[in-house]
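J.: Residues per chain, in single letters:
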Amino acid sequence: MTGSGDGLLQVENLGKRFGGFVALENISLSVAAGERLGLIGPNGSGKSTLVNCICGTLRNEFGNVRFGGQKLDGLDAHERTHLGLARSFQLPRPFVSLSLADNIRIPLLYTVAMRPDRRHTPHEVEERCVALLDEVGLGDKARRLPRDLTQVEMRKLELARAMASEPKLLIADEAMAGLTHSEIEDILALLVRLNEQGVTVILIEHIMSAVMSFSRRLVVLVSGRKIADGAPNDVMRDPEVERAYLGQ
Amino acid sequence: MRTPTFLLVCLAIGAAVFAASLALGNDYIFFAGYVVMQYVVLSTAWNILGGYCGYVNFGSAAFFALGAYSTVAIYKLITENDFYRMPMPVLMLIGGAVSGVVGLGMGYLTLRLRGAFFAIATLALAVVLQTLVVNWDFVGGSRGAYIIRPEQIEPIGNYIRYLFLIMMLLAVAAVTIARMIEHSRLGYGFATIRDDELAAEASGVPTLRLKLIATTISGALMGMAGAPFPYYIGYLQPASTFGLDYAVNSIAMPLIGGTTSWVGPLIGAVLLGSLQQIATVTISSAVNLLIVGCLLVIFVIIAPNGIVGLIHTYLQHKPEDFVGRHHVDADAPGRVP
Amino acid sequence: MIFSFDLLINAVVSGILIGGFYAAVTSGVSLSFGILDIVNIAHPAFIILGSYVAYAVNSSLGVDPILTAIVMTPAFYVLGAAIYQVYYASFEKRGQESLRGLAFFFGLLFITEVSLVLYFGVDYRYVDARYIGPSLHFAMLDIPSRILVPCLVSLLLMAVLQLFLTRTFVGRAIMAVAQDQLALRLMAVDPIRIKRIAFGISIATASLAGAFLIIIQPVEPSVGREYIGRIFAICVLGGMGSLPGTVIAAMLLGIVESITSTFYGPSWAPAVSFGFLLLTLAVRPAGLLGR
Numbered sequence: 001m002t003g004s005g006d007g008l009l010q011v012e013n014l015g016k017r018f019g020g021f022v023a024l025e026n027i028s029l030s031v032a033a034g035e036r037l038g039l040i041g042p043n044g045s046g047k048s049t050l051v052n053c054i055c056g057t058l059r060n061e062f063g064n065v066r067f068g069g070q071k072l073d074g075l076d077a078h079e080r081t082h083l084g085l086a087r088s089f090q091l092p093r094p095f096v097s098l099s100l101a102d103n104i105r106i107p108l109l110y111t112v113a114m115r116p117d118r119r120h121t122p123h124e125v126e127e128r129c130v131a132l133l134d135e136v137g138l139g140d141k142a143r144r145l146p147r148d149l150t151q152v153e154m155r156k157l158e159l160a161r162a163m164a165s166e167p168k169l170l171i172a173d174e175a176m177a178g179l180t181h182s183e184i185e186d187i188l189a190l191l192v193r194l195n196e197q198g199v200t201v202i203l204i205e206h207i208m209s210a211v212m213s214f215s216r217r218l219v220v221l222v223s224g225r226k227i228a229d230g231a232p233n234d235v236m237r238d239p240e241v242e243r244a245y246l247g248q
Numbered sequence: 001m002r003t004p005t006f007l008l009v010c011l012a013i014g015a016a017v018f019a020a021s022l023a024l025g026n027d028y029i030f031f032a033g034y035v036v037m038q039y040v041v042l043s044t045a046w047n048i049l050g051g052y053c054g055y056v057n058f059g060s061a062a063f064f065a066l067g068a069y070s071t072v073a074i075y076k077l078i079t080e081n082d083f084y085r086m087p088m089p090v091l092m093l094i095g096g097a098v099s100g101v102v103g104l105g106m107g108y109l110t111l112r113l114r115g116a117f118f119a120i121a122t123l124a125l126a127v128v129l130q131t132l133v134v135n136w137d138f139v140g141g142s143r144g145a146y147i148i149r150p151e152q153i154e155p156i157g158n159y160i161r162y163l164f165l166i167m168m169l170l171a172v173a174a175v176t177i178a179r180m181i182e183h184s185r186l187g188y189g190f191a192t193i194r195d196d197e198l199a200a201e202a203s204g205v206p207t208l209r210l211k212l213i214a215t216t217i218s219g220a221l222m223g224m225a226g227a228p229f230p231y232y233i234g235y236l237q238p239a240s241t242f243g244l245d246y247a248v249n250s251i252a253m254p255l256i257g258g259t260t261s262w263v264g265p266l267i268g269a270v271l272l273g274s275l276q277q278i279a280t281v282t283i284s285s286a287v288n289l290l291i292v293g294c295l296l297v298i299f300v301i302i303a304p305n306g307i308v309g310l311i312h313t314y315l316q317h318k319p320e321d322f323v324g325r326h327h328v329d330a331d332a333p334g335r336v337p
Numbered sequence: 001m002i003f004s005f006d007l008l009i010n011a012v013v014s015g016i017l018i019g020g021f022y023a024a025v026t027s028g029v030s031l032s033f034g035i036l037d038i039v040n041i042a043h044p045a046f047i048i049l050g051s052y053v054a055y056a057v058n059s060s061l062g063v064d065p066i067l068t069a070i071v072m073t074p075a076f077y078v079l080g081a082a083i084y085q086v087y088y089a090s091f092e093k094r095g096q097e098s099l100r101g102l103a104f105f106f107g108l109l110f111i112t113e114v115s116l117v118l119y120f121g122v123d124y125r126y127v128d129a130r131y132i133g134p135s136l137h138f139a140m141l142d143i144p145s146r147i148l149v150p151c152l153v154s155l156l157l158m159a160v161l162q163l164f165l166t167r168t169f170v171g172r173a174i175m176a177v178a179q180d181q182l183a184l185r186l187m188a189v190d191p192i193r194i195k196r197i198a199f200g201i202s203i204a205t206a207s208l209a210g211a212f213l214i215i216i217q218p219v220e221p222s223v224g225r226e227y228i229g230r231i232f233a234i235c236v237l238g239g240m241g242s243l244p245g246t247v248i249a250a251m252l253l254g255i256v257e258s259i260t261s262t263f264y265g266p267s268w269a270p271a272v273s274f275g276f277l278l279l280t281l282a283v284r285p286a287g288l289l290g291r
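Chains as they are written, first to last, in the working numbering: chain H, 1 to 248; chain Z, 1 to 337; chain X, 1 to 291.
If we strip away everything but chain H, and leave its shape as in the complex, we get (with noise of 0.2 Å):
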């Protein structure tokens, strides 16, 4: 399950550059409907700038990007959220001018409300805001601003807004860094239900626990290239994996 194939999600020889520096190099993915992925990768592997150019903030120069069956060549990062694609950031980047409920608000206005078949009154999106936030545990403080807002709420947060463009694929990028045990149970409860609803999720983490018990796939990416794709357990008895993970 390495390259091709009919996945949700199809990265193909995708290979970016910073000036001289090569960030990611021939990176060939296959994510299928329904999957739980899980993307890890020392620091500075290339992880964040791979989702970067899948969700469409970063311009790749080789190589392609498809999903659902279409190309993403050219498509800005909004029209690439329309087609439901949704990300969260691994430095959270709420709108700070805006209440918890407004920063909900938004990608529900913007994409779910705009869709033809969807009533959307003002009181049906309020509805909606605050029981996203509810799912999150933020409901009480929906018209809180960001900034009363711990470290932990805030990556609450990033993830419930990424939820509300309600995406066929969601790419969680570091959203547990820093929680505490309890804390991170919460959140991968509420990644595993978000699943069982039919939406593909890739997991990016270093908190192995959390990979190993979430991931039905695992993928490995050191210095900008993938180096392992398959069942947990079997990459993570893989050499060149041990190798990556404890050094030379």
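Think of the hints as simulated: they come from the structure by calculation, not from any bench. It cannot be assumed that every hint is accurate.
Selected chain Z positions facing chain H (Cβ under 8 Å, derived; list incomplete) [stated by the list, open to error]:
#: 1; residue: 146
#: 2; residue: 196
#: 3; residue: 202
#: 4; residue: 203
Each pair of labels, with its calculated beta carbon distance range [stated by the list, open to error]:
#: 5; chain 1: Z; residue 1: 285; chain 2: X; residue 2: 37; range: 31 to 39 Å
#: 6; chain 1: Z; residue 1: 9; chain 2: H; residue 2: 166; range: 34 to 42 Å
#: 7; chain 1: H; residue 1: 19; chain 2: Z; residue 2: 9; range: 54 to 62 Å
#: 8; chain 1: H; residue 1: 127; chain 2: X; residue 2: 187; range: 52 to 60 Å
#: 9; chain 1: X; residue 1: 169; chain 2: Z; residue 2: 280; range: 50 to 58 Å
#: 10; chain 1: H; residue 1: 178; chain 2: X; residue 2: 37; range: 45 to 53 Å
#: 11; chain 1: X; residue 1: 283; chain 2: H; residue 2: 245; range: 42 to 50 Å
Source: prediction; values computed, not measured. The beta-carbon is built from N, C-alpha and C at its ideal position, and this holds for glycine as well.
Using the hints provided, position chains Z and X relative to the given structure of chain H.
T.: Same frame as chain H, but now just chains Z and X:
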């Protein structure tokens, strides 16, 4: 308050102001009032791009001047020789259309640039436009252009009162449009562009399209404010029409009044505009700009949220009371670039 | 348009010399905008301030303007440091520099310009010095020394600045502060202090640039506005903080302006620099020798 109600309230206030000015009997009120109303439009227009979206436009004068020069061009083309005077509202629409199109074009060229570069680019564009006009002899070039202002117009009578009325109606329209934007999905979109454009894109907001809408509306309103200007002033000269004075005022008024809602530019324009009119008459017009410059610097340092922000702090609203949309706190973590 | 080789050569040489001067004018912004990322749109106003200081001393005491400027450099440095302190406390610390920082400098531009108008009036001012007036003649070249001297001193200034930035500890710290503030802190260097020094130097160059300006042409307060476009065009084209790049870009702009002015007339000159700027921003924001 729903928009139609708001509009009616504004028109009622406007009618009252007009009636009061008539009662005072001194035509100078209309001359001064015209300028104040003009600044209400300019600062409201600037704020749509600057305050709502966070993109600083240094070239306000260019849009204003384009509106004025469209009027001059039409005047030279039609009115001077054939004595057919195009009605002011039509001139305003034409001026607005010209400036709106230029705003769209400018946006298309410059909106991919980040913050500071965008601001500098707007300044550059303004100078380029000014140079083009200065070298265009049909509208008078650097020598300037004379417009004959008619004495009377039915049924208002004195033409200057007519100009004041028109400008006030435009001001009402501008403020109403700004308020409508704020309460709409467009307004939310603008706020996300201001706060974090990258996150906005990821959330499905078509940022480029929204920014182009903002520059077009902003430019069009400024052009409409400029269209009657040649008739007001009688003699139009590129150097002063394109002057940085318009730029500094259209930036200072919203910043002093408060950038996060339609109230700010209105307060800023009325206060600062009136202050400048008084200063021009009592001291000198050079002192005008000194006042504006000083107030701008002081407010931007001490009261980043402007007068509106000060009022809110004074009334000590708790964050929860706020529906949360328009409260930018100076101590908040900075916007992520 | 009468094309003649003589005119062309003179235009090009004149452009190169003016370009040298433009480089000095831009050097301050190369520091503040190119390296520190501070959009000091008021820089031209400080240059004009420098011009007036040189004028005032020259007309009352007869002192050479460049000498005056050198003596006044510390005062301008202090002014720059003070401005940076206010800028940092009010905007940089709070992350507000994009809108309000810009407006702050815009306000300073006006305050400076209008204060000069109120104090000195709007008449053109000029200075007297030995080298203003005579011209050098080489074959078909006609070089007024009032342009040559500032150009040479400007290039000297650029060389000194470049040496400072690359060879001294503080200079290299300034280059570093743009790239990695945390690393600087780990080396027990306060980045804020470094930035303050850099901004102080930036305004200090304005003192000298102002003297050069008033030697080359008569000055009145609003002359600064013409230079906003030139300065930022050169800064961006020159690669944002690269001093050698600034010199090359400045000379390029000088030549284009000079040729346009000679063959098409001076009323098109402002469009040249600002048009240059737009072109650069549109095509290559990283400039010619960009980083």
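J.: Of the numbered hints stated previously, which ones are contradicted by the structure, given in increasing order?
T.: 1 and 10
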